[in-house]
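Using the sequences and the accompanying hints, generate a full structural model.
2 protein chains.
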Amino acid sequence: MSEELASRALREEIRSCRFENVTSGQAMGFVQANLVVVPQAYAFDFLLFCQRNPKPCPLLEVVEAGSVEPQRMAPGADIRTDLPRYRVFRDGVMTEEKTTVQDIWQDDFVSFLLGCSFSFEKPLLDSGLEVRNLTDGVNVPMYRLNIACRPSGPFEGPLVVSMRPFTPEDAIKAALITGAMPEVHGAPIHMGNPAAIGISDIDKPDYGVPANIREGEVPVFWACGVTPQEILLNAKLPLAITHAPGHMFVTDLREEKLKMFRETVR
Amino acid sequence: MSEELASRALREEIRSCRFENVTSGQAMGFVQANLVVVPQAYAFDFLLFCQRNPKPCPLLEVVEAGSVEPQRMAPGADIRTDLPRYRVFRDGVMTEEKTTVQDIWQDDFVSFLLGCSFSFEKPLLDSGLEVRNLTDGVNVPMYRLNIACRPSGPFEGPLVVSMRPFTPEDAIKAALITGAMPEVHGAPIHMGNPAAIGISDIDKPDYGVPANIREGEVPVFWACGVTPQEILLNAKLPLAITHAPGHMFVTDLREEKLKMFRETVR
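Heads up: the sequence lines are chains V and D, in that order.
Position one of the first sequence corresponds to residue 23 (the working numbering), numbered consecutively onward.
Position one of the second sequence corresponds to residue 23 (the working numbering), numbered consecutively onward.
Simulated from the structure, these hints should not be mistaken for laboratory data.
Quantities reported herein were computed from a predicted structural model and do not represent experimental measurements.
Some clues are possibly wrong.
Pairs count within a copy or across copies, as identical chains cannot be separated in the list.
Within a straight-line C-alpha distance of at most 30 angstroms, the following computed DSS-like cross-link-like pairs (lysine-lysine) qualify [as the list claims (entries may be wrong)]: (1) 258 to 120; (2) 120 to 226; (3) 195 to 281; (4) 120 to 281.
So, in structure tokens, the structure goes:
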């Protein structure tokens, strides 16, 4: 299969419900994205929330009301059908998970695609670092912090981070590598002292699976794309949609092109 | 005078109409910003325009309807009075320049502060490069290109660039230095061939003063904060406000802190 088609072929499988799993490790080399969908009436506030909180919400593309196609990152795709699993939020409660949201789609929905840490794990591996959650084949541990996001309208709440353990030397390398990738959360926000950012028990993450921190390693924390899901619990919109954790939107943008995404004017 | 007060002191002078000049060279070391003000009804579309066109419109802060104070970059400041000169746009025509806009301010106005190339000229000088417009003490030449911005709602039109001449070797250094400053337009968008980007006569800029290009030098082009003023001519909003070119909003943010602005979560 040509590289050109790997992402589109996967989306076709997803659209026809032949693939319903997590997208990690699928269509390797293509950027995957977090999804947040809100009604137009809340779109300015959420767009501003992303602008004010670029670490957890690095915005890649916005699909306006009346469209379901991310023209820049995945021409021909359909936001309503092309993710393997969605979460539906009603009045601040996550009420259900679904494999399509065509039946509840509204003409006034605006869709936001946010960068995802999947895109920085390969560069870490390529630089010779070990990424524990990949080694162990489990979901990364995530924690709600005592650091508040900068609010915008009804959108407010705690920053959520993912954690990966490294030796201090490798942690510095990981900070340099990811610091050069602001499109996918950028540099870590903290390393070393979980208590200092409001984590009382590192073995009890709020999402995901606890990581095995070995002798001589420190926990390293990155802002996480699950943050908007926490924020939606607080915002209590009548209706909103996100991807289900790990079940991302697969774009046609090659990961190597992400670095120059912001610099491209035509 | 303490560094802490240089930017605030200048804003006080401006507010009381004792200073009405261009801000270039004033309150040295503090970030200066382009201003765009639009009614709330157009704020989502303009915010999205900035997100889609980060090279000409690198968004630093948004002041929501009902407020006139950029709380993050200049606490205590007043957007309506603290710029030395404003431009007023009515139905797509630049109708007047004013030294305050308090009298025409509307409760539904949303203000956008965008990064300005003033912030990258000092790092160029500090690296030993000559910046021709500073040497000659004139405004930089600016050109309307045949490259379209990515549209959003009524906001569409050509990219505007500023030009500074360098030897090819210095142009490469300038690309590296500014490429590391995406908050203030980032790397150049072109160098060498004006005709390739739609400039028919390099000696006839659309704004500013022609630059003296010496033997062995090439013109180097950066996306420019004047772009939104071109865009407002097309968008034909009933009322919108910008700074007058060169008469910027002076913030309390030190230029050295701009690099980590995006990385800061508390």
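Handout entry: Within, between, both or neither, where residue 120 and residue 226 count as close if Cα-Cα is 30 angstroms or less
Key = For residue 120 and residue 226, only the intra-copy Cα distance (27 angstroms) is at most 30 angstroms; the inter-copy one is 59 angstroms.
Practice task
Using 30 angstroms as the alpha carbon limit, work out where residue 195 and residue 281 are close: within a copy, between copies, both or neither.
Solution key: both (18 angstroms within a copy, 19 angstroms between copies)
Handout entry: 30 angstroms Cα threshold - placement of residue 120 relative to residue 258
Key = For residue 258 and residue 120, the Cα distance is within 30 angstroms only inside one copy (20 angstroms; across copies 43 angstroms).
Practice task
State whether the alpha carbon distance between residue 120 and residue 281 is at most 30 angstroms within one copy, between copies, both, or neither.
Solution key: neither (33 angstroms within a copy, 41 angstroms between copies)
Hint violations for this structure: number 4 only, all remaining hints satisfied.
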